[in-house]
Amino acid sequence: MSTQTGVPASIDWDEIILRLVAFTRSLAKGKPWFRGGKTDSFLMGKQAEDYAFAAIGKYLEEPEKFDASKGELLDYLQYNLVRSLVGNDLRKKENRLTQDVFAHCDDDNDEHAPYLDRILPHLEALFPDDLDYEAVKDYIEKEIQGDADAENIFLGLYTYGMKRREVIKEFEMQASAFDNGMRRLNTVLNRASLHFNKNIPSV
Amino acid sequence: MSKKKNQPKCDFVNLIFNAAQHDSNSKEAAKDFLASEGVNTEKLVSDGLKRIKQMQMMANANKTEKEMQVAETVKAQATQWVDDLLGNINFSLPDLVQKEELSMSFRNVESLSQEDIRNILIKHFTLKFMKAPDKNA
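Just so you know, the protein sequences line up as chains R and H, in that order. Using this note's numbering, the letters of the first sequence map in sequence onto residues 1 to 203. Using this note's numbering, the letters of the second sequence map in sequence onto residues 1001 to 1137.
Same shape as in the complex, but just chain R (with noise of 0.2 Å):
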């Protein structure tokens, strides 16, 4: 076993509680294609902060699972966090959308991926194959049209899969630019979520 599982040396949980539930809520608010018209629906009728409290809690009770050479605690709380609502989700018997990522998946054969390259493959499952993807693609393209921040934040993450210090530094914007870019491509993103919603059956 690593020498880096466990518990840090020191948590700072008022950041960790922040952060975490701000990614939980970001992820799963306002963004309806996860599940038809009923956006919260796959949260089995808990609150965005009961998972993240519930990953919290895992955490606790068996720290030592925990490999701080594969990210930071944040990102072992999101993996676990985005595994729970996936394993949620296919467990309702109205579920026809998910795909069953545990049997298509062999993301966790790969034990020594660092736990944010591990969140992608799970998080695909909560969205359906039958979108057009592409025409959403379009449709943000056009709403960001003459934001130039935007455009190449858009262009960096979606198109290149850059992170965001590759797009700042690739883009030469500042950090804030960057951050008020992302902020506006976020409101696109939750537009474009309710306009592609009336094409997807509700469940």
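No false leads were slipped in.
Taking lysine-lysine pairs in the DSS-like style, the calculated list, with each CA pair at most 25 Å apart, reads:
id	chain 1	residue 1	chain 2	residue 2
1	H	K1053	R	K58
2	R	K163	H	K1009
3	H	K1063	H	K1075
4	H	K1027	R	K70
5	R	K58	H	K1043
6	H	K1053	R	K65
7	R	K169	H	K1027
8	H	K1027	R	K58
9	R	K137	H	K1009
Taking CB as the label site, the calculated pair distances span:
id	chain 1	residue 1	chain 2	residue 2	range
10	R	G57	H	Q1069	20 to 30 Å
11	H	T1073	R	D12	33 to 43 Å
12	R	D130	H	A1076	50 to 60 Å
13	R	D12	H	N1119	44 to 54 Å
14	R	P63	H	A1076	26 to 36 Å
15	R	P114	H	Q1007	17 to 27 Å
16	H	N1119	R	H112	44 to 54 Å
17	R	D12	H	D1116	47 to 57 Å
18	H	E1028	R	L155	19 to 29 Å
If you are wondering where the hints come from, they were derived from the structure by calculation, not from laboratory data. All values derive from a computational prediction rather than experimental measurement. All C-beta atoms, glycine included, are put in the ideal place defined by N, C-alpha and C.
We have chain R; now place chain H onto it with these hints.
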């Protein structure tokens, strides 16, 4: 994934993930985002810390309970081990005391009853098995 990748979907989900990461990129960014969602961040943190404290106490209690269960199991193994040892016709207490370095525990051996000897050995082997559970000899 063994399933054929839907690349536009993967790219899109990556974008959604990055958006969520952006909203939680730092303590301040998370605070701003949550405030914009109408969340009382001070209450969230204050209630959350209490919740974490309770969960921590519960986790510690569960851990203690598990450790006690393990200790009971190991004690039963040690008791069986000692009873088998004492029942062995070739058993020699002086040899065992030397092998297990127990001279301190048995310095007044002449004043110990059979039951005292048994209890000392059970205690010794319980501790020994707990330190090295696979080396019961």
